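Colleague: If you read the protein sequences in the order shown, they are chains C and S.
In the working numbering, each residue carries its 1-based index in the first sequence increased by 266.
In the working numbering, each residue carries its 1-based index in the second sequence increased by 45.
It is worth saying that the hints were derived from the structure and are not from the lab.
Note that the coordinates shown come from a computational prediction; the quantities given were computed from them, not determined experimentally.
Possibly wrong hints are sitting among the right ones.
Unchecked claim - No farther apart than 30 Å at their CA atoms in a straight line, the calculated lysine-lysine pairs in the BS3-like style are these:
| no. | chain 1 | residue 1 | chain 2 | residue 2 |
| --- | --- | --- | --- | --- |
| 1 | S | Lys-375 | S | Lys-313 |
| 2 | S | Lys-375 | C | Lys-439 |
| 3 | S | Lys-375 | C | Lys-414 |
| 4 | C | Lys-414 | S | Lys-54 |
| 5 | S | Lys-412 | S | Lys-375 |
As the list claims (entries may be wrong) - Partial chain C-side listing against chain S, Cβ under 7 Å, derived:
| no. | residue |
| --- | --- |
| 6 | Ala-316 |
| 7 | Ala-317 |
| 8 | Arg-336 |
| 9 | Leu-363 |
| 10 | Ala-409 |
From the three backbone atoms N, C-alpha and C, an ideal C-beta is built for every residue, glycine too.
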Amino acid sequence: MEEDRLADSLVFAQSVAEPEVFTVIFDRYYRAVYGYLSRRVGRTVADDLAAETFVRAFERRSSYDPRFERALSWLLGIAVNLLAHHRRSEARQLRALAASGGLEPRESGEDMVDRVDADTSRRLVAGLEQLDDYDREALLLYAWGELKYQEIADVLGIPVGTVRSRMNRARRKLRQALESVSTENVVQLRREGTHDA
Amino acid sequence: MPDELELLKDLGREFVEPDEQSVARARDLLEQRTGLAPPRASDRRAVPGGTGPARVSSRLRLRWAPVLAAAALLIGSALGFGVGSAVTPSGSAGGNFVGFGFLPAHGWNVMQSGTLDEAGEARAIAANVPLEPSDDFADVSLAALRLLPADGVLIRVRFSPRGDPAKDGAHPVRELPLRFADAERLRPYYSVARYRLRAGIGGYNVEARVYFGEDAPSNRAVDAAQNQLNRLVVAADRVTLRAQPLITLSVVTLSGSVDNGRAGEDIKIQAKDCGLDFFRVVDGAITERGGGWSTFYNLGQGPSTTLRAVWNEATSAEVAVRKRAWIDLKTLSGRRFEVNVFQRRAWRKRALIQRFDQRLGRWRPAKSVVLTDDDGYKASASFTVSLAKGTRIRAVFPRSQTGPCYETGTSRTLTT
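Please construct the entire structure, taking both the sequences and the accompanying hints into account.
Modeller: Below, the structure written as structure tokens:
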């Protein structure tokens, strides 16, 4: 990991004078950034946002903070800011995720197919919808961004202790949603009247 | 109850991988916006505004996405489509041709796909300077645009079906011919003036980018651009369908529009699964104000399929959606694993187990496993593999095993 951190920092430092070196960062992290965004807002919007993330990263490359253990967390920080203008797309994508459980539920407990059946998908999404924005952001950076707590703290600009408490709260609510008996089949938008930039 | 975090990590896993078009588009946008693609040595001329040799007219070297290599290319004045059911500047009707692009004009060179590609988009480029048809293809490089002469004009147009409210909102409904006066000026790139004109025409979003060889284009150049915009043609499909992504693990987002622009219209989604020769109704949607509609379709364990939208008597173009094989790898104990393939007729097929070679930076085969168990939902097998601790492994179900109705599937990565 130490070797990776140095490599990303070196790439950014070098890219200031030699811009084409920045494509190393693109090749290294585009899929990860895209994967995070597509789960948040769907593929169509993720196409645009992921590309925009790297354009902005390039424009700001001279200000890359080497405190970031990996460039991925710095890049996801840019992506999170871009997401703020796409709440409606995010709500649509949650509906898609709720519909994504395509395999029938099984009685045996351990297979992945059981874990992503239709009912579980709906409950997971319902649980996400109930979370506070801050808690959801931390949780998804962990689960989908695959960041560590310290990296999440760096991205969101908060202490790592705050990340821990948000994660605990979010996980507790998610567990409650999974365990509750739910008759909901449709994810409701929590925020009305928002609009995309 | 499985851990809620593990469940969350599994949720939406089918959305994670970008397709190659997405990667290529992002790379091209990065190059355009940042100038990361340097001009080739053979194309270098004087720096704009500098004291070197005067700029000379040159063949523009264009790059276009490889996906268009399979599309029909219409070069020069031989466009190959008429003015039938296309929306045209003159409003004329007749014939049954549909198409996207420019009508022929003396002094203009055109390169265009003419029809929608498998991603549901069409593109066209027109310029009053020579083009290089033998160039490989991507969106126009800004470095190449710097070679436009003073009175040079290049227009690049992208056509895509309407139906996504987020994108439709950025494309106000307009009539042909498009008016250059409605374009917004973008930040110039060196001395290249750039303008963007977006419109919703019929069932399609049209984005035209107009580039001039001078940052303050002359009236003559602007008139030339307007005259060429007057020759833009947009197909007039009564109902459109777009699918994203075109290769999926389960869910695909469908969207489109109807040409009467009304809400409450009933759309039927039909599918023809791989191996069958008939369509069946699988889903439906209701249009919203403006005529756009969207829905999600879950292929489940089914194979690749061809989709179309039906509205009253009209049928959209067909879109092929390919289904990626769903393969999962899980740890049973330290060196013992289980591989599962959720696909019909996978019993006795082979899954490939790969390990990541840190030194080479790529995946290499470790072993292949015959799927000996089948419970009707999945085919599976357990196996042992002896690898150094910390080695990353994954399972792959290749096309040779999935058969023609599925795409290669790749599992999540585990660490031994």
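Colleague: Evaluate each hint against the coordinates.
Modeller: Status of the hints after comparison with the structure:
no.	hint	result
1	S:Lys-375 - S:Lys-313	39 Å, violated
2	S:Lys-375 - C:Lys-439	27 Å, holds
3	S:Lys-375 - C:Lys-414	23 Å, holds
4	C:Lys-414 - S:Lys-54	14 Å, holds
5	S:Lys-412 - S:Lys-375	16 Å, holds
6	Ala-316	6 Å, holds
7	Ala-317	4 Å, holds
8	Arg-336	17 Å, violated
9	Leu-363	5 Å, holds
10	Ala-409	4 Å, holds
Hint check: violations occur at hints 1 and 8; the rest are consistent with the structure.
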